[in-house]
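Given the coordinates of chain A, assemble chain B onto it according to the supplied hints.
What follows is the residue order along each chain.
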Amino acid sequence: MSSTRWRESSRTNISEEQITQLLSTLRQLLPEIPHSHSHKASSAAKVLKQTCNYIKTLHREVDDLSDRLSQLLATIDADSAEAAIIRSLLI
Amino acid sequence: MMNSPQQVKNPSSSLKSRFITRFLGALTKINAEHPISSSSPTRIFQRYRRIKVASNKSMAYSVRSRRIWSRAMLSRFRSRRSAFSVRRSSVKTTNCTTSPPSALIKVTINENKIAKGGLDMQTDELRELVPGGEAMDVCNLLGETAHYIKCLTTQVQVMRKIVDFYHLSK
Numbered sequence: 001m002s003s004t005r006w007r008e009s010s011r012t013n014i015s016e017e018q019i020t021q022l023l024s025t026l027r028q029l030l031p032e033i034p035h036s037h038s039h040k041a042s043s044a045a046k047v048l049k050q051t052c053n054y055i056k057t058l059h060r061e062v063d064d065l066s067d068r069l070s071q072l073l074a075t076i077d078a079d080s081a082e083a084a085i086i087r088s089l090l091i
Numbered sequence: 001m002m003n004s005p006q007q008v009k010n011p012s013s014s015l016k017s018r019f020i021t022r023f024l025g026a027l028t029k030i031n032a033e034h035p036i037s038s039s040s041p042t043r044i045f046q047r048y049r050r051i052k053v054a055s056n057k058s059m060a061y062s063v064r065s066r067r068i069w070s071r072a073m074l075s076r077f078r079s080r081r082s083a084f085s086v087r088r089s090s091v092k093t094t095n096c097t098t099s100p101p102s103a104l105i106k107v108t109i110n111e112n113k114i115a116k117g118g119l120d121m122q123t124d125e126l127r128e129l130v131p132g133g134e135a136m137d138v139c140n141l142l143g144e145t146a147h148y149i150k151c152l153t154t155q156v157q158v159m160r161k162i163v164d165f166y167h168l169s170k
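If you read the protein sequences in the order shown, they are chains A and B. 1 is the number of the first residue of the first sequence in this note's numbering; add one for each residue after it. 1 is the number of the first residue of the second sequence in this note's numbering; add one for each residue after it.
In isolation and in its complexed conformation, chain A is listed as follows:
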């Protein structure tokens, strides 16, 4: 099985540049952080950590918004408002 391992590690080495590219794509999606030195030097570990935190934040926001919707839905008839919402949201 040593040949398989060698193949795997060489495949990993080959795609390192691609991993770097993917990481910078990710970094662009993350919210701006006021770091003066975050040039290209942010490590992979940092980007991954920030990504994880961002995803957790987004999950929490979905949670919170679901909670608020569950209370608001109580007061409104969704049918009549639906068309208006769709129109306003798609603008």
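To be clear, the hints were calculated from the coordinates, so they are not data collected in a lab. None of these values were measured; they are calculated from a predicted model. Don't be surprised by glycine CBs; every beta carbon is placed ideally from N, CA and C. Heads up, a few of these hints could be off.
What the hints assert, rightly or not - Sample of chain B residues with no beta-carbon within 12 Å of chain A, all distances over it, derived:
#, residue
1, Y61
2, S65
3, R81
4, A135
Claimed, not checked - Computed list of lysine-lysine pairs in BS3-like fashion (alpha-carbon distance at most 30 Å, straight line):
#, chain 1, residue 1, chain 2, residue 2
5, B, K57, A, K56
6, A, K49, B, K52
7, A, K49, B, K57
8, A, K46, B, K150
9, B, K161, A, K56
10, B, K29, B, K161
11, A, K56, B, K150
12, B, K52, A, K56
13, B, K57, B, K150
14, A, K49, B, K161
What the hints assert, rightly or not - Per label pair, the in silico range of CB-to-CB distance:
#, chain 1, residue 1, chain 2, residue 2, range
15, A, S43, B, S40, 21 to 29 Å
16, A, S24, B, S65, 26 to 34 Å
17, A, H59, B, K161, 17 to 25 Å
18, A, S24, B, V53, 31 to 39 Å
19, A, H59, B, A135, 16 to 24 Å
20, B, K150, A, K49, 14 to 22 Å
21, A, L30, B, R81, 28 to 36 Å
22, B, T28, A, D64, 20 to 28 Å
23, A, Q21, B, R43, 43 to 51 Å
24, A, D64, B, S40, 18 to 26 Å
Just chain B, lined up with the frame of chain A:
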């Protein structure tokens, strides 16, 4: 009268409109099935759960099976409906082309870490957060993560607008 809505230009806005339609339909259904005559805490909590599931489901269905993460999420939903355990679907690698073995200059990843599988350790947490992440290789994981984040932000954006709308109508 305004013109009928134009054809959507880019995939992301059609994804957004698919999500909106599905999610609003789900909300209407939830409201119809669980009318709020008594806003007991239990009822509200049930509604909160259903809305959250509806939001994630609507997004996963809008993405359909074009992504590993959406496929994983959809199979999760189906396995919850049926009582049986989930059959592990094979993970196809998408978008992950191998670049030629050029010189590894300016990589931000320590080569030692790669050799020791250190990058695997760093991605552990991410794998838990992205649906289907456990089975992906690093390349796919990063690509799927980017798309997943885009979809999550769309979810949040739409939900916020709905909340604002209902707030204003009160």
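For each hint, the structure was consulted:
no. : hint                         : in the structure
1   : Y61                          : holds (16 Å)
2   : S65                          : holds (21 Å)
3   : R81                          : holds (20 Å)
4   : A135                         : holds (15 Å)
5   : B/K57 <-> A/K56              : holds (18 Å)
6   : A/K49 <-> B/K52              : holds (25 Å)
7   : A/K49 <-> B/K57              : holds (26 Å)
8   : A/K46 <-> B/K150             : holds (20 Å)
9   : B/K161 <-> A/K56             : holds (21 Å)
10  : B/K29 <-> B/K161             : holds (19 Å)
11  : A/K56 <-> B/K150             : holds (14 Å)
12  : B/K52 <-> A/K56              : holds (15 Å)
13  : B/K57 <-> B/K150             : holds (16 Å)
14  : A/K49 <-> B/K161             : holds (29 Å)
15  : A/S43 <-> B/S40: 21 to 29 Å  : violated (50 Å)
16  : A/S24 <-> B/S65: 26 to 34 Å  : holds (28 Å)
17  : A/H59 <-> B/K161: 17 to 25 Å : holds (19 Å)
18  : A/S24 <-> B/V53: 31 to 39 Å  : holds (34 Å)
19  : A/H59 <-> B/A135: 16 to 24 Å : holds (21 Å)
20  : B/K150 <-> A/K49: 14 to 22 Å : holds (19 Å)
21  : A/L30 <-> B/R81: 28 to 36 Å  : holds (35 Å)
22  : B/T28 <-> A/D64: 20 to 28 Å  : holds (22 Å)
23  : A/Q21 <-> B/R43: 43 to 51 Å  : holds (49 Å)
24  : A/D64 <-> B/S40: 18 to 26 Å  : holds (21 Å)
Of the numbered hints given earlier, the model fails hint 15 alone.
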